[in-house]
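Once you've looked at the hints, dock chain S against the given chain R.
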Amino acid sequence: MVATAPAAGGRYRAPTAATASGSPAPYVVSGADVGREVTRRVMARILAPADSEPPAHLEDVAFETIYAEQLRLSHAERDPRTASDQAFIAWFRHELARADGERKKELVYAVVDRYAQEIAGHFDRRVYRVATRVVPPALNALLSGLSIRHVREFDIDDRIVIEGETRALKAVARLGTVILAPTHVSNLDSLVLGSVIFRLGLPPFAYAAGLNLFSNPLIGFFMRNLGAYTVDRKKIDPLYRETLKEYATVLLERGQHSLIFPGGTRSRSGAIERKLKLGLLGTGPAAFRNRLEHRASRPSIFIVPCALSYPLVLEASTLVHEYLRVEGGPLYGDIRDEFDKPRRWLDFLRGLRELDQRVHVRFSRPLDWLGNEVDENGISRDRQGCPIDVRRYLIQDGSLAADDARDTEYTRSLATSVVAAYRRDNVALPTTVASYVFFQCFRRRRARLDLFRFLRSLAPESGVPVDEALGDLAFAVDRLERLEQEGAIALGKDVRNQNAAVLLEQALATLATYHRVPVVERRGSYLHVLDPSLLFYYANRLEGYALRTGQKGREN
Amino acid sequence: MSASVPIAVIGAGNWGTTLAQVIAARGCEVRLWTRDPVQRDEINQRRSNVRSAPGLVLDPRVLAVSDVSQAISIAELVLIAIPSRAFRAVCHVFAGVIRPEQLVVHGTKGFEIDSHRRMSEIICEETCARQIGALAGPNIAAEIARGQPAATVVASAFPRVIEAVRRALSSPSLMVFASSDVTGVEICGALKNVVAIAAGIADELRVGDNAKAFLITRGMMEMMRLAAALGAEPMTLTGLAGIGDLMVTCASPLSRNHRIGVALARGEKLQEAIARLGMVAEGVYASRAARTLAREHAIELPLFARIDRVLHEGLNPRDALNELMRLPAGRDVPRFAASPVAHAHTRP
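Sequence order for the protein chains is R and S. Counting in the working numbering, the first sequence runs from 10 upward without gaps. Counting in the working numbering, the second sequence runs from 542 upward without gaps.
Excised from the complex, chain R in its bound form (with noise of 0.2 Å):
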């Protein structure tokens, strides 16, 4: 046990002198560089308010993470990663009991540079570039299930439609540093927005990827390469979270663009994302600040919002599962993520390619770190268009000031406008907008009954008649191109101005495939749902557009 804890009961060198803190040079970022400077820091806000020898603050920070860590590891699987844990938390916990002043600052710099290490990628440029050679071909040979009979077949490139500000991405992408803030609906999204980002001729993007991502060796030594850097979302204790935090600003400071879910994980309703984790979202201010103070070249931080939209989701059966054993209770049992098993991926692929459909990427309008939107020039524009000078919202007594409180509200801000954009940049397909129809009328025909009765009421023998889903759809239709027209919502070219019978069509076709039943099924002149869970998945998607016909009342 001891054996496998760092250095254990050895004495752990003082945190490094402070780095020189002149101005960074941009995009070369190695892991190892970062994570030194994040435990520096991390370390120097702990030991802040150092009246007190050793600082009392100091000791409660040690205390909640092995409470938190060891309440983590009580309810984690058995395999080398948590006995690895295990061992460095119990050395951890016997070291701090007989600790003095300087070696409990030793110990938690000890747990803070285990964290930085974990969490630092290996991201290093010339291996991006061999990648970026490699990758491609690479992915799609694991795309398609690992067979290089299907490699001609798959090109994921052909199944991705990019649309959107990919001009003001660009251009804000030359003008300062981006955060790039998509929408998560599956494991697939970053491999999708790296494909993108490559194809958009951008620089490397980093970004935080679920720990269980590398356990997948293939998949984890992509990202390693391609800029990601970890994430434990089980990881619970402050210490890790500042010391995540502190790792994205000290990239994006270095000039570094970075990927981040702000959703925090794949939506398992399937719903866009309305609540935001403002953690991540949040390092725009104090890299904004940083910079400002180190005077470095284009100090500017551009957040861009991006929503992805799927016709079929790989992981869709998983994910609403989840969502409703959360929320409806242990009527839904466990099951296991599409995402581990390589044969879902080629049936998931093969079902896009043979019914041509496309996972459409939409760039919203650049963003400030307050929401504000950013014109062609990196210049932020209030509502009526006049300039806003953003370093002034960093202002207290005439200079720039850190406060954490303003800057947890500026990102509050942030967040409201990358929900809002979301829903405007959200593009509806057939499989999405028929999903919502079809539910809407099963639900309005049992009002009564709750969520989650109403949903283990549909069996296989109820059905609706296609002429009310066709009247519904038609009006849906009809109402999503006003939306459009309103800037509102996007749609799919197989949506716009579509006959209703052939969208009917079209998305029972693709509701067949790929998932283990076909979602809803036509049986003479009904249609039957034999899949409510994932009915639910796919309406959700299009919930709040007020799209229901009987909201054709309540409008006026």
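These are computed hints drawn from the structure, not numbers from a lab. Where is the CB? At the ideal position from N, CA and C, for every residue including glycine. Incorrect hints may have been included.
Unchecked claim - So these bits of chain R aren't anywhere near chain S, every CB distance computed over 10 Å:
no. : residue
1   : M52
2   : H66
3   : I75
4   : R176
5   : Q393
6   : A414
7   : R421
8   : A468
9   : D487
10  : A509
What the hints assert, rightly or not - If you only want the chain R side, here are some residues facing chain S, beta carbon under 8 Å, derived:
no. : residue
11  : R415
12  : Y419
13  : S422
Positioned in the frame of chain R, the structure of chain S alone reads:
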């Protein structure tokens, strides 16, 4: 912020003038903005504001200006006291002058007509200001101007905004309490006026003190329900801006809203009452806003809906009370659990 930096007060009405006076009495310079040059000259030359604050002798540190940039440009803290009807237009005027580092706090009680926006939302929409706060509470301006003891509450998500308002306003006769719930405080300020109309009706119908207490309490529960639906903290309603302001507004027969209630209970039409009183009470608009917001958020506000019908649909006040008494009596104090399924799906 040193004492030498003047504070801007936008609007020289009753409340704006009073705020300027309180701040000046603390030793700070004030720039009081008014659109009207006659009023400006009256304040600067005669130290009086007869129309808005009769009898008040203004502190020499209050400088009235009618150029908005003169008022705002060097201030760190900007206080706005403009009626809700003119609020957006005035924000639009100073949008070109205000800077991102300035702190903006308003003391306006009401929603915007038609859009039902809160005042902080209007500031956010019309200007680049983000460090925003709201001031509310049981604050009859005349009492505060006389230096009688009082307490008020300033709400902001920014601790710095709260600190700035405290430095500007707090004194041995005015306690400034803090809140982080801007939405909640704004809802309190806007909706208590509707409850005051109900209290006026109850007084005039002589249905007794029990009935009046019952109406005020149920009114507060409905305010809580709406506050929770709009993302505010229901407990804010138990503070100065909620119960505090309700007690003042519903008790005072001089309150405009109370007088509207009395007039309606006497059988006057709303337009007659407004014409006779010579002023418009905020509650007349707030009832519309409450009803619309309730519909949007799918919650029921039986008292507010009936006051709204009395005001705008000619419902007889006594019938309204009878209707209320016949509703099923449910749980007294509701449970405000965060709804786990944030979906309109639950009830199509």
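Hint by hint, here is what the structure shows:
| no. | hint | verdict |
| --- | --- | --- |
| 1 | M52 | holds, 26 Å |
| 2 | H66 | holds, 20 Å |
| 3 | I75 | holds, 31 Å |
| 4 | R176 | holds, 25 Å |
| 5 | Q393 | violated, 6 Å |
| 6 | A414 | violated, 5 Å |
| 7 | R421 | violated, 7 Å |
| 8 | A468 | holds, 19 Å |
| 9 | D487 | holds, 19 Å |
| 10 | A509 | holds, 20 Å |
| 11 | R415 | holds, 6 Å |
| 12 | Y419 | holds, 7 Å |
| 13 | S422 | holds, 6 Å |
Violated hints for the displayed structure, listed by number in ascending order: 5, 6 and 7.
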